[in-house]
Every structure is written in structure tokens, then in C-alpha cells.
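J.: The chain contents come next:
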Amino acid sequence: MYVYLYDNFLRQKKYDSTVKSMETRLTDFGIAGKIIRLQNFTDSKAIIEDEIKKGVSGIIIVGNDATFGHVLSRAATCDVLFGFLPLGSDNQIAEVLGIPVGVDACDVLSKRRKVKLDVGWFNNRYFVSKLHIPPSKITIEYDEKFKVSTKDKVELVVCNLQPFEWKGKGSKIHVIHPQDGKLEAFLRPVSGRGIFKEKYEDPSIFPFQEMLVSSRKPFVVEADGKQSKETKIKIKLARKRIQMVVGRERKF
Amino acid sequence: MFQKPSSEKAYQPNQEERQKATHDDVETVVGPSVKVEGDFASEGNIVVKGIVSGSVKTSKMLTVEDGAKIFANVNAGNAVVSGGIKGNVKVAERLELTETAQVQGDVNCSILSVAPGALIHGKIVMKGVSLKDEGSDKQDKKRISLGRTRSKAVGEEKAAE
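Top line first, the protein sequences correspond to chains X and B. For the record, in the first sequence the residue sitting at position 137 is 137 according to the working numbering, with numbers rising by one throughout. For the record, in the second sequence the residue sitting at position 60 is 60 according to the working numbering, with numbers rising by one throughout.
Next up, chain B with everything else stripped away, as it sits in the complex:
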């Protein structure tokens, strides 16, 4: 009660610091005017603002910002592309191409979102397609009906005997 108030208070994170803590989600950042050459792999999120050549690999989120360039095959868990990529892009889940995105290479993903203005030059492959040609369906039906008529005819012959 009569003690002097201590100048050093116990550490308590405030709102501002909590907001800063969200910045920790970004693990690797390639800044503008920085050039990375070689096999660029990370276990966390990657943000590219500069130039990367070689290969890029992450199991989490890849963000390619406007003005960034990647001359490499890209392998990521999720990706948001606003810059340019020259190479094949393989994304496990969701790939988002914004208005300024340019991709020159094959794209492989589960969910694809393309904004108007985005440019793609390459083959797009997505998992889960279960459609078949109409022609092949008709042929299948014909085969089934033929099989039925044949079995009917065989049954009648047996009955006659």
C-alpha cells in the first residue's frame, strides 16, 4: 500500500501488438529489386515482390505481387498471382489470378479463379472432371439394348426347344 509505484509494468500485449503478430504468418519475403537464383523452397508462406529464377516450392500460400517475376516451375499449396510467371504452375488447392497476372506455362490446380484481364498461355488441367462425350454415351446405350435383344432371342429359342 505504501510502496512506490514501480516504473516497470508487467508486459501485456496491446491491440497494436496483436495486429503486428499477424505479420508473423508471412515467413519468406522476396523484396523488390532482390533477385533470387536457385531452388527456392520454404515450409511457410512465400511473398514474391522481386525476381525469382530456378524453382519455387511451398506447401502453403504463395503470393506473387504486381511487378514480380518468376522464371521457374512453381509448386504451392495455394497461390494468388498478380505478377508474371514463366513456367508450369502446380497448385494443390486454390489458384487465384488477378487482373494483372500473366502466366506462360501449364496450370494444374483444383480450384481456379481468373479475374478479367489476366493472361494465360498454356494448358489448364483440373482434377475431378467426370464428364464423357455424348457420342460414347449413345454407343453404350446401343450396346446394352443389343445385349438385351440377344438374351431375349436366346431365351425364346430355349423355350421352343
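Chain X on its own, in the form it takes in the complex:
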């Protein structure tokens, strides 16, 4: 039996019809199950562990990228099959996993194409979508082989599943899709300050397996929407940590 974790935003009226048709489709496939609605302060790990004890065969996350990151960053250690039904806006991870947004995602779920996914790890915490360090004076060492330094402050984004977007010259938007098996680090040095916000240079991209970020002053680290302040972090790739149902058109 599957357990469905619904994000809180799905209570909005505009999602009613899609959620209903999704539930009908799941019943048709014979995979409908218990529904749990996530609140802002719900500990998803405790819920999942409790359901595993009851003998659940799969946990299905229903929502967007934020829901996906929120649940899996805490529940990555749970040994259970995960699924994802993307709904609403901000669904870039679904694209990487080859899952269509909306009702068609039920078809992918019913096919049970299982793949073990890699997860990012830093300072005893997991992150699934991406890790972000706002512009700060940091030094970075990759795989204990080479060091990267910049003159000024630098913004760092480490992508695991969520693609990285940035606006280039002439407001052209570049998208880089991360690959499985490696983490991608995007460094954007600050080149100056505009009237409203800082100006950035073109980013540097480094695929890596282990990275050490350090600074004299504490810097902000945001992983899957959760913020903390650190002076030294070690980012690693935890291989084949999450078992996930994916689509045929996945990008890895």
C-alpha cells in the first residue's frame, strides 16, 4: 500500500479538480492509499518511519520542488520506495525525473520503474534539490585536487537534481541540467553593484564528488529551503541513497 503526502498548498481551490482526477486515476490503477497532509512544522521523517512500521510499500510525495526537497532532505535515510506526483508551478525536478506534471504522473507511478538516486550530503545533513550560499568571501577546494579563489565575493550553488538557471547577456536564460553520479557546483563572482542588486559575472561550473568550502567569517548555507550559518562545510555525494519511481524520459 502507498501513503500519499500532500503539500499544504494543494488545499487551494484551483487544485481541486486536478487532485480529484488524480485520485480517480490512482483508484483505477489500484494504487490509491492513505493521504497525509503536510503542515509547515510536520516532521516528515517521523511520519514515514511510523508508516514503514505499519508495513507501507511506498511513500508518494504530492506537490512541487519545495515539497520534494522538504520531505526527502529529512527522510533520505528511510529505507522505502519513494514516488513523486508533481502538481502546480515550480516543478523542475519532475522534468529531470521524467515525470509529467499533473494527472499523467499517475501513469508513471503505476509503471514502477525504480531507480536509486544520489543525494547530496553536508555536515551530517542531506539535500536533494540544491544547496545555495549567497555571495560571501569563501574559498573552495575540489576533490582535494585543486583550489578555486576569486577576488571578490562569490555566490555558490550546488545542484543535485534541480537544474540551475541564470540570466546571461541580453536576458537570455541558460539552464544546465545536472547529471546523476556527480554534483555540479556553480560559482558566480560578484562583479559590481547595480542600483537595486548585485551584478554577477558568467558562472564557473565544476562537477565534483567532494568539496570543502571554508571562510573566516560565518556564511549562510541554504539547503532544500532550510538555512544555517557555518564556517566550514564539506559537501559530498551519497551514492544510491533513495529508491525512486522515475519516468522513461528521465535526464540521467
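These aren't lab readings, by the way, just hints derived from the structure by calculation. What you are looking at is a predicted structure, and each value in this text was computed from that prediction instead of being measured. From the three backbone atoms N, C-alpha and C, an ideal C-beta is built for every residue, glycine too. One thing to keep in mind: the hints can contain errors.
Partial pick of chain X residues on the chain B-facing surface, computed with a CB cut under 10 Å [as the list claims (entries may be wrong)]:
#1 S191
#2 F206
#3 E210
On the chain B side, residues computed to face chain X include the following (Cβ under 8 Å) [stated by the list, open to error]:
#4 V30
#5 V34
#6 T98
A few chain X positions that, by computed beta-carbon distances, are all more than 12 Å from chain B [claimed, not checked]:
#7 V3
#8 R11
#9 D28
#10 V56
#11 K116
#12 Y142
#13 K182
#14 G194
#15 K197
#16 E198
#17 S215
#18 P218
#19 G225
#20 E230
#21 K240
Once you've looked at the hints, dock chain B against the given chain X.
T.: Coordinates of chain B only, in the frame set by chain X:
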């Protein structure tokens, strides 16, 4: 038929996104004003726009853009150089030096393309050279002809006996 049209459509990559996907070919990019120190190795393509010192190694394409500087020995599958390299360059297949390229060091490759204006200070070694000096060819011919006359003389002596 009477169902409401769903707002979420199934994902279908359009032309624009397909073009973006080509950007994936670039694996490692060293941006301008970024300095890399140490053994810089990658399994994919490398684009250098900043400064690299130590060593650079890739089995695929290395692109050194105009204004970029590499103070290291370079080892690549293919390379297009528009910036400066101080160190030995070893390319397995094709090395292309554009008008703004500057290389200070020995170059080793199979195919070399040098645009007018490119600067090289070093030794160029390319595989597959099968030419020999003219002098040595003549000496070889002489040796062969001498051998023939000697064998003729020996044959005549035997016939006389």
C-alpha cells in the same frame, strides 16, 4: 469530453529547451576572474575563461578563450586555443590556434591548425612523419648497386672455375 481542461499539461520539450540541452556538452567552465590552482582534471569538455595554474588534463575538448591564461602543462583530446598557454601542450588529435593565441612551450599533436597572428615559442612535434634525407637515399642506392656488382663478379668467377 465533459471534463474540465486541466491546467497542467504533460511536459514536452520545445525547440528552445532542446537548444539549451546542447549546453550540457560543456562540463567544466572556469569563468573570468576565477583562479584555479592545482591538478585540474575533467572527464568532459573544459572551457577556460580565467586563470589556471598547475596542470590541465582532459580526454575531450579543451577551449581556452581570449583573455584566459594557463600556466600549466596541458593534456587534451582536442583543443581550441584563443588565450595564452605557458607550458607544454600535448593534444591527442586536433589543435587549433586562433589569431589571438599565444603558446610558450612545446607542442605535440596529430593535426595542427594555426591562424595568422598566432604566436608559438617552442618545438612542434607531430606524429606520422615518414620522410628521410635525400643524401641518405642516394647512399642507400649506392650500397644496393655495389652489392649487385659484387654478386655479379662472384658469379663470373664461379662460372670461370
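J.: Are the hints correct? Go through all of them and say.
T.: Right, here's what the structure says about each hint:
1. S191: Since chain B brings a Cβ to about 7 Å from S191/X, closer than 10 Å, the hint holds.
2. F206: This interface hint holds because 6 Å falls under the 10 Å limit.
3. E210: Violated: closest Cβ of chain B sits about 14 Å from E210/X, beyond 10 Å.
4. V30: holds (5 Å)
5. V34: holds (5 Å)
6. T98: violated (20 Å)
7. V3: At roughly 23 Å from the nearest Cβ of chain B, V3/X sits farther out than 12 Å, so the non-interface label holds.
8. R11: holds (17 Å)
9. D28: holds (14 Å)
10. V56: holds (27 Å)
11. K116: For K116/X, whose nearest Cβ neighbour in chain B is about 21 Å away, the distance exceeds 12 Å, so it holds.
12. Y142: About 8 Å separates Y142/X from the closest Cβ of chain B, which leaves it inside 12 Å; violated.
13. K182: Per Cβ check, K182/X is inside 12 Å of chain B; nearest 9 Å; violated.
14. G194: holds (17 Å)
15. K197: Holds, because the least Cβ-Cβ distance between K197/X and chain B comes to about 19 Å, which exceeds 12 Å.
16. E198: Given a closest Cβ separation of 14 Å, the condition holds.
17. S215: With a cut-off of 12 Å, S215/X remains clear of chain B, as the shortest Cβ separation is near 17 Å.
18. P218: holds (23 Å)
19. G225: holds (22 Å)
20. E230: Non-interface label stands for E230/X: nearest chain B Cβ at 22 Å, farther than 12 Å.
21. K240: Fine: 20 Å to the nearest Cβ keeps K240/X off the interface.
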